[in-house]
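Participant: These protein sequences, in sequence, are chains A and B. Everything in the first sequence is counted per this note's numbering, starting at 1 for the first residue and increasing by one. Everything in the second sequence is counted per this note's numbering, starting at 1 for the first residue and increasing by one.
Everything labelled a hint here was simulated from the structure, so no lab data went into it. Don't take each hint at face value.
[To be verified] Computed beta-carbon distance windows for the label pairs:
| no. | chain 1 | residue 1 | chain 2 | residue 2 | range |
| --- | --- | --- | --- | --- | --- |
| 1 | A | R399 | B | L204 | 35 to 43 Å |
| 2 | A | D237 | B | G416 | 27 to 35 Å |
| 3 | B | R83 | A | T295 | 55 to 63 Å |
| 4 | B | V214 | A | A383 | 48 to 56 Å |
| 5 | B | E405 | A | D49 | 38 to 46 Å |
| 6 | A | R376 | B | P6 | 46 to 54 Å |
| 7 | B | G55 | A | R123 | 28 to 36 Å |
[What the hints assert, rightly or not] From chain B, some residues computed to sit far from chain A (all C-beta separations above 12 Å):
| no. | residue |
| --- | --- |
| 8 | R111 |
| 9 | Q116 |
| 10 | E144 |
| 11 | V191 |
| 12 | A356 |
| 13 | R406 |
The structure presented is a predicted model; accordingly, all values stated were derived computationally and were not measured. Just so you know, even glycine gets a beta-carbon here, dropped at the ideal spot from N, CA and C.
2 protein chains.
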Amino acid sequence: MSRPTPLSGFPELLPAARAVEREVIASLSRTFELHGFVNIETRAVEPVDRLAKGGEIDKEIYVLRRLQGSPEAEASADTGSDRQLGMHFDLTVPFARYVLENAGHLAFPFRRFQIQPAWRGERPQEGRYRQFTQADIDIVGKDELPFHHDVEVMRVMVQALGALPLPRLSFQVNNRKLIQGFYRGLGIPDVTAAIREIDKLDKLPAGAVADLLVDRAGATTEQAERCLELATIRVSDHSLVERVQALGVGDELLSRGLAELASVLDGCADAVGASAGRVSVEANLRIARGLDYYTGTVVEIFMEGYERLKSVGGGGRYDALADDGRTTYPGVGISFGVSRTLVPLLAEGVLSGSRAVPSVVLVALADEESRPVSERVADALRARDIACEVAPSPQRYGRQIRYAERRGIPFVWFPGGDGEADQVKDIRSGDQVSADAGDWRPPEQDMMPAIVAHATGSTDERQTQ
Amino acid sequence: MSRPTPLSGFPELLPAARAVEREVIASLSRTFELHGFVNIETRAVEPVDRLAKGGEIDKEIYVLRRLQGSPEAEASADTGSDRQLGMHFDLTVPFARYVLENAGHLAFPFRRFQIQPAWRGERPQEGRYRQFTQADIDIVGKDELPFHHDVEVMRVMVQALGALPLPRLSFQVNNRKLIQGFYRGLGIPDVTAAIREIDKLDKLPAGAVADLLVDRAGATTEQAERCLELATIRVSDHSLVERVQALGVGDELLSRGLAELASVLDGCADAVGASAGRVSVEANLRIARGLDYYTGTVVEIFMEGYERLKSVGGGGRYDALADDGRTTYPGVGISFGVSRTLVPLLAEGVLSGSRAVPSVVLVALADEESRPVSERVADALRARDIACEVAPSPQRYGRQIRYAERRGIPFVWFPGGDGEADQVKDIRSGDQVSADAGDWRPPEQDMMPAIVAHATGSTDERQTQ
Numbered sequence: 001m002s003r004p005t006p007l008s009g010f011p012e013l014l015p016a017a018r019a020v021e022r023e024v025i026a027s028l029s030r031t032f033e034l035h036g037f038v039n040i041e042t043r044a045v046e047p048v049d050r051l052a053k054g055g056e057i058d059k060e061i062y063v064l065r066r067l068q069g070s071p072e073a074e075a076s077a078d079t080g081s082d083r084q085l086g087m088h089f090d091l092t093v094p095f096a097r098y099v100l101e102n103a104g105h106l107a108f109p110f111r112r113f114q115i116q117p118a119w120r121g122e123r124p125q126e127g128r129y130r131q132f133t134q135a136d137i138d139i140v141g142k143d144e145l146p147f148h149h150d151v152e153v154m155r156v157m158v159q160a161l162g163a164l165p166l167p168r169l170s171f172q173v174n175n176r177k178l179i180q181g182f183y184r185g186l187g188i189p190d191v192t193a194a195i196r197e198i199d200k201l202d203k204l205p206a207g208a209v210a211d212l213l214v215d216r217a218g219a220t221t222e223q224a225e226r227c228l229e230l231a232t233i234r235v236s237d238h239s240l241v242e243r244v245q246a247l248g249v250g251d252e253l254l255s256r257g258l259a260e261l262a263s264v265l266d267g268c269a270d271a272v273g274a275s276a277g278r279v280s281v282e283a284n285l286r287i288a289r290g291l292d293y294y295t296g297t298v299v300e301i302f303m304e305g306y307e308r309l310k311s312v313g314g315g316g317r318y319d320a321l322a323d324d325g326r327t328t329y330p331g332v333g334i335s336f337g338v339s340r341t342l343v344p345l346l347a348e349g350v351l352s353g354s355r356a357v358p359s360v361v362l363v364a365l366a367d368e369e370s371r372p373v374s375e376r377v378a379d380a381l382r383a384r385d386i387a388c389e390v391a392p393s394p395q396r397y398g399r400q401i402r403y404a405e406r407r408g409i410p411f412v413w414f415p416g417g418d419g420e421a422d423q424v425k426d427i428r429s430g431d432q433v434s435a436d437a438g439d440w441r442p443p444e445q446d447m448m449p450a451i452v453a454h455a456t457g458s459t460d461e462r463q464t465q
Numbered sequence: 001m002s003r004p005t006p007l008s009g010f011p012e013l014l015p016a017a018r019a020v021e022r023e024v025i026a027s028l029s030r031t032f033e034l035h036g037f038v039n040i041e042t043r044a045v046e047p048v049d050r051l052a053k054g055g056e057i058d059k060e061i062y063v064l065r066r067l068q069g070s071p072e073a074e075a076s077a078d079t080g081s082d083r084q085l086g087m088h089f090d091l092t093v094p095f096a097r098y099v100l101e102n103a104g105h106l107a108f109p110f111r112r113f114q115i116q117p118a119w120r121g122e123r124p125q126e127g128r129y130r131q132f133t134q135a136d137i138d139i140v141g142k143d144e145l146p147f148h149h150d151v152e153v154m155r156v157m158v159q160a161l162g163a164l165p166l167p168r169l170s171f172q173v174n175n176r177k178l179i180q181g182f183y184r185g186l187g188i189p190d191v192t193a194a195i196r197e198i199d200k201l202d203k204l205p206a207g208a209v210a211d212l213l214v215d216r217a218g219a220t221t222e223q224a225e226r227c228l229e230l231a232t233i234r235v236s237d238h239s240l241v242e243r244v245q246a247l248g249v250g251d252e253l254l255s256r257g258l259a260e261l262a263s264v265l266d267g268c269a270d271a272v273g274a275s276a277g278r279v280s281v282e283a284n285l286r287i288a289r290g291l292d293y294y295t296g297t298v299v300e301i302f303m304e305g306y307e308r309l310k311s312v313g314g315g316g317r318y319d320a321l322a323d324d325g326r327t328t329y330p331g332v333g334i335s336f337g338v339s340r341t342l343v344p345l346l347a348e349g350v351l352s353g354s355r356a357v358p359s360v361v362l363v364a365l366a367d368e369e370s371r372p373v374s375e376r377v378a379d380a381l382r383a384r385d386i387a388c389e390v391a392p393s394p395q396r397y398g399r400q401i402r403y404a405e406r407r408g409i410p411f412v413w414f415p416g417g418d419g420e421a422d423q424v425k426d427i428r429s430g431d432q433v434s435a436d437a438g439d440w441r442p443p444e445q446d447m448m449p450a451i452v453a454h455a456t457g458s459t460d461e462r463q464t465q
């Protein structure tokens with residue numbers, strides 16, 4: 001077999017980088033579970049007719065066929081029915097299907113988190129991959145879902161991301177009711193078109209968007225001006241309500257949306273505070289997140305210094321995540337792009353793993369005959385949750401120490417023998433002490449590979465477990 | 001959207017069952033890491049020309065194409081080259097490719113574990129799925145890999161599986177050198193053919209296999225008899241060596257294989273003892289694991305009462321896991337079928353999860369206005385790693401308790417108010433006590449959903465965390 005080369009769009013991580021990704025996933029999972037979110041895993045495939053909705057995404061769907069097999073035999077052999085299978089391109093479509101399929105066995109409101117890969121056959125670029133891992137949380141109700149769950153989902157994601165050593169994240173929140181109510185109260189003829197045009201503000205200059213509002217949404221120049229004024233509001237405190245009210249538009253839906261948005265800001269304040277500056281939450285009234293699904297709270301997450309990645313997460317409230325004709329399942333959720341965030345940070349060395357192996361200790365080997373002695377030391381350490389490995393061969397101790405160094409293993413253990421005590425050496429400091437495998441413990445921060453965050457543009461480093 | 005139905009061959013788990021699978025994966029991972037095994041994750045796809053080897057498995061490979069796009073545009077758009085992509089059908093092929101691709105960045109011997117799904121377009125049946133999760137451990141060397149790693153891999157898997165509350169598992173071990181040496185020493189003309197025919201002993205009666213040995217491997221009736229005698233040996237202690245030697249065949253390769261096999265049994269003895277009867281290891285001299293790859297130790301794992309699933313795991317030593325023309329990477333590894341084992345056990349209720357949510361506590365809600373009070377209690381509990389959720393609506397307390405019951409949440413917390421102390425109720429026993437969210441702790445076994453193992457044919461239950 002010749003030496004293989006990477007596949008564009010399918011990033012893979014070396015062991016130390018994978019340790020970072022695992023710790024990120026474990027940390028997110030811990031926060032989600034502390035808030036009562038249940039983990040589920042859905043299969044990688046869905047019937048294509050449930051995936052393809054006639055939108056832009058359709059042409060990125062990967063469809064499966066078997067390598068050998070006629071197309072006819074195919075369909076029935078593959079699915080037990082006549083349906084073609086495709087790989088899911090997000091975790092929302094499979095989750096909605098899972099809720100419908102299992103509704104009778106789930107208790108609502110149903111809080112779930114899901115951390116899995118998804119696949120899109122798009123052109124690979126930084127932060128956009130053909131296989132990428134996402135971490136999604138959603139709360140789904142049966143027929144109804146009170147607004148306080150919007151606050152809950154936002155707060156949980158702020159806490160979860162605030163616990164990670166990432167560059168500063170900004171949650172930019174808006175509310176579709178607020179926008180719709182404002183446009184309606186303003187008297188814009190085509191509210192839906194107006195939202196679509198305003199959504200172009202991150203690609204077009206304000207003047208061009210104003211023209212589109214006039215041309216396509218039937219707005220007057222004066223109305224278009226007001227729409228742009230609304231869209232420029234970005235605040236993170238209670239001045240939000242005054243700022244919007246100062247625009248002089250009155251509408252019942254606007255008032256409700258504004259109250260909801262203010263509640264989200266309020267509800268996240270303590271979690272933002274606890275993040276020690278890692279996360280901010282602000283109202284940004286130009287955020288709309290396209291036209292589909294969303295009916296209330298909407299959010300996009302940006303990472304400081306990585307605005308080129310666009311949003312690294314987002315979500316919102318949808319009144320009908322799923323619907324089986326009899327029952328409607330409203331939901332609110334946020335998705336975080338694990339690969340989109342970590343792959344660039346790992347590639348640039350902003351994040352790295354403290355070592356490539358879980359082992360805290362390399363147990364040295366005096367000679368091949370005494371392997372059982374070294375194994376017994378290792379087992380005694382493992383019995384107390386200390387990961388370790390025994391040297392593969394009885395080389396000179398200097399070479400065994402270098403073996404540990406190359407892997408980032410911080411301690412080398414030398415079994416005594418003939419009544420002598422064992423010795424353990426911290427190979428970073430060179431300190432060597434007598435020790436007993438039955439009670440020695442490494443410092444807590446050495447127990448597992450840690451994420452090392454190299455602050456960009458400074459020599460400051462911070463470690464997290 | 002109409003109510004969806006399950007896809008045959010793509011099992012999915014309800015939340016409580018998924019909690020069991022997660023705990024199994026976490027437990028396996030903990031054991032692997034304690035022994036210095038590194039986790040990696042490979043992409044789901046490989047170039048088809050690396051997957052398809054002209055064997056039976058080829059027609060089960062799922063190949064990807066994009067939903068829209070000409071076949072020409074396809075190939076280059078999908079891979080950046082002209083190679084078609086298929087989904088991996090095991091974790092060994094992608095691991096071998098990963099080793100070759102990253103050899104310069106890995107430290108050898110390289111211990112890795114990998115727990116991921118694989119896909120095969122085969123006919124679904126109990127224990128065989130189109131998407132299934134495997135847990136693989138391998139140790140790979142550069143140019144050489146000492147035999148003691150065979151013992152290590154076996155011992156680690158015995159420990160890992162011995163920590164799980166599964167029906168009793170039997171590791172059945174053999175050694176290809178032993179078989180080959182025996183056949184060679186016996187004077188069988190076609191040793192390779194003989195191994196292939198002996199491998200049919202689980203499908204054909206002994207007499208039929210004897211005939212095949214004569215017809216296809218050129219054995220005499222007497223030689224065929226000896227082959228069958230060897231194949232019937234099943235022992236778990238040192239009588240192994242005597243039993244084989246009693247057959248009177250002398251060969252240097254046979255002796256080495258016999259010594260290796262005896263070392264594997266010896267090396268696993270302590271781990272078998274520590275498993276409290278959950279795992280046994282025995283030499284079974286009919287195990288050959290097909291013809292490919294394996295060159296020394298081979299093992300298959302069976303589950304008591306589930307022999308119909310065939311093996312639930314297996315592996316062995318291969319002298320060339322990978323080879324790039326200049327360097328050879330020998331390896332030894334074992335794969336455990338997570339889905340193959342758990343899906344039937346969960347379906348039959350042999351294993352179940354103690355609850356469907358991570359929450360230990362439901363914090364009750366007196367009225368909607370006091371939601372912040374209940375949230376503060378919840379946050380205080382979470383700060384000490386106690387998972388909890390706040391009741392979704394201020395129903396009568398009796399209904400809030402039933403809400404907790406339906407989810408299996410063991411405790412309901414009633415915030416005090418007006419200087420009264422909070423109360424916490426164990427809804428299983430009905431016991432209710434005063435408590436402070438700053439120092440109350442649930443019993444350790446309630447902290448996480450636990451695996452409940454229902455011993456088949458008895459009312460005995462054992463719990464594991």
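Participant: If you test the structure against every hint from before, which numbers come out violated?
Facilitator: 1, 3, 8, 9, 10, 12 and 13
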